[in-house]
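We have chain L; now place chain U onto it with these hints.
Protein chains: 2
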Amino acid sequence: MEQIKIFTPATIANVSCGFDVLGLALDTVGDEMIIKKVAKKGVTITKIIGQNLPLETHKNVAGVAALALLSETNCEFGFEIEIIKNIKPGSGIGSSAASSAGAVWAINEILGKPFNTTDLVRFAMEGERLATGVPHADNVAPALFGGFTLVRSYQPLDIISIHTPNELFATVIHPQIEVKTSDAREILKTTVSLKDAIKQWGNVGGLISGLYTEDYDLIGRSLEDYIIEPIRSILIPAFDTVKQQSLKAGALGCGISGSGPSIFALSKGEETAKKVADAMKMVYEKVGIDYDIHVSKINKKGIKIL
Amino acid sequence: MEQIKIFTPATIANVSCGFDVLGLALDTVGDEMIIKKVAKKGVTITKIIGQNLPLETHKNVAGVAALALLSETNCEFGFEIEIIKNIKPGSGIGSSAASSAGAVWAINEILGKPFNTTDLVRFAMEGERLATGVPHADNVAPALFGGFTLVRSYQPLDIISIHTPNELFATVIHPQIEVKTSDAREILKTTVSLKDAIKQWGNVGGLISGLYTEDYDLIGRSLEDYIIEPIRSILIPAFDTVKQQSLKAGALGCGISGSGPSIFALSKGEETAKKVADAMKMVYEKVGIDYDIHVSKINKKGIKIL
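Read top to bottom, the protein sequences are chains L and U. If you're matching positions, the first sequence starts at 1 in the UniProt record's numbering and goes up one per residue. If you're matching positions, the second sequence starts at 1 in the UniProt record's numbering and goes up one per residue.
In isolation and in its complexed conformation, chain L is listed as follows:
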């Protein structure tokens, strides 16, 4: 294999109760990447279409992730990467993760799969380190594994692929303001009350249980965030109204996607997910905020060859 063209998905991290540990992959929202094997060693970013992002390998998340992978090989050749960027950076649906994960996944394919998926997460995390200062895995893991994933532990890295019910759809609205992950992290408190922490891990347990048993109602009841959402939601215009209207339109639950500003909702079935999209749009149209909106099945496969 000399060249590969892939779809690499947008992802929703945290998923309300699972701050820093849970994530899921979207199916119809994502970037495309073309990765080509070339004689010249190293990694070159040849082109980025759709966004103004650095082409220098060391300043580009895909480049850095690819180099992390190659540093554990004796590869006698190199790679050129072209990125068709559909996910807006800073939107909160894993823009950097899609590029980082896509690069390492494609190179691993071309090399004949010397690395397992958890290894790929580890390499892709280096892209996240460049993007946010923190090598977090909650976006790159679902991009690489597909479906819902749990980052159980970082030391050692332990990623669990969680059963994902078929009828689960996500609606994501992206108000056109930028919230940097690093800023969204800074406003968080470093301590939480034990009482809230208990509620939170009760909900993590409930959500995971609901996913395995395909109990949509339990999934919905568990999509509550007592710790992060009350703080971060103040950075997002009309968050409470969007959430309220989404639930009213039939969403199982609604919360902040990653560090925002995108807001996601999960629904049972595409029809409801579309109704939720209409309800979300209405809120931002009323207050006059520009937005992008997506409705997507949960992507069980992750990155795909095109």
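Source of the hints: derived by calculation from the structure; they are not laboratory data. Keep in mind that the hints are not guaranteed to be accurate.
A pair holds if it fits inside one copy or across any two, identical chains being indistinguishable in the list.
[Stated by the list, open to error] Capping the alpha-carbon separation at 30 Å, the derived lysine-lysine pairs in BS3-like fashion look like this:
hint: 1; residue 1: 274; residue 2: 304
hint: 2; residue 1: 297; residue 2: 281
hint: 3; residue 1: 286; residue 2: 301
hint: 4; residue 1: 286; residue 2: 189
hint: 5; residue 1: 248; residue 2: 37
hint: 6; residue 1: 88; residue 2: 301
hint: 7; residue 1: 59; residue 2: 268
hint: 8; residue 1: 195; residue 2: 59
Just chain U, lined up with the frame of chain L:
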């Protein structure tokens, strides 16, 4: 039905990572109770064999739980309760929960099951309120539902029955010292670091996932407690050594049962669970501490008619 004799199980609450939310029921450790329908209204505790506990209905956890149930009926008769107490109060394996849960379960049977299991948890929690000052559900829930249970939420009460793998066995050692639940609660901090909380809910997610997929290794990796165990274990003699030796003997994980002082370990298979028991015993024999020890399959059924 005029009279019922039941086995009501001992339970392990918290299960390392799941403080205040997770619990499991034991199969061969528990109390027996005889509940008799009588003409006289109200609840009378007629006899308690094996332990010196109050017979006055309002001072007895079984009595209080039974009254909580009856207050939601128009019952024209009453009940006599006899308790054969095998679980030592203050041992940390749900002594009060067994009595509270047993009383309400048996009365519900005699009444023709007007209440569902979550209702029974709610009534039994009143017994826990009497015993510990806190109406917690993490022992009464597994006693009533069997297997592993998750208390996802208290407001509203939401108990989730979690799939329990067949080959899971518990070993429990009870050093003969008393740790009161109320004391064990008082030493806890009211805040925790966000960093530790994240690790904890990662493990809750991992444990629940491991239970559904019967991934014993993942169950073991998830049995880590970053928040409660470091504080409470100082109340338990030789805790670190017991834990270390249990893991060395093949246990998947080891931690404090409820608020202690009992220490539990989970193992795959009875043979390993027995080896773990030998390893635990050895530690307390060396330091000269009296103990009770139990090896039990996880009880998927909960309370049983004898």
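Taking the hints in turn, this is what the structure says about them:
For the identical chains of this complex, residue 274 and residue 304 are intra-copy neighbours only, at 25 Å inside a copy versus 48 Å across copies, given an alpha-carbon limit of 30 Å. Taking CA atoms no more than 30 Å apart as the test, residue 297 paired with residue 281 passes inside one copy only; the shortest distance there is 19 Å, against 53 Å between copies. Taking the closest pair of Cα atoms, residue 286 and residue 301 never come within 30 Å of each other, the shortest separation being 37 Å inside a single copy and 54 Å across copies. For the homomeric pair residue 286 and residue 189, neither the shortest alpha-carbon distance inside one copy (33 Å) nor that between copies (46 Å) is at most 30 Å.
For the identical chains of this complex, residue 248 and residue 37 are neighbours neither inside a copy (50 Å) nor across copies (48 Å), given an alpha-carbon limit of 30 Å. For a Cα distance limit of 30 Å, the shortest separation of residue 88 from residue 301 inside one copy, 22 Å, qualifies, whereas the shortest one across copies, 52 Å, does not. Taking the closest pair of Cα atoms, residue 59 and residue 268 never come within 30 Å of each other, the shortest separation being 40 Å inside a single copy and 48 Å across copies. In this assembly of identical chains, the alpha carbons of residue 195 and residue 59 lie at most 30 Å apart only when taken from different copies (28 Å versus 42 Å within one copy).
Violated hints for the displayed structure, listed by number in ascending order: 3, 4, 5, 7.
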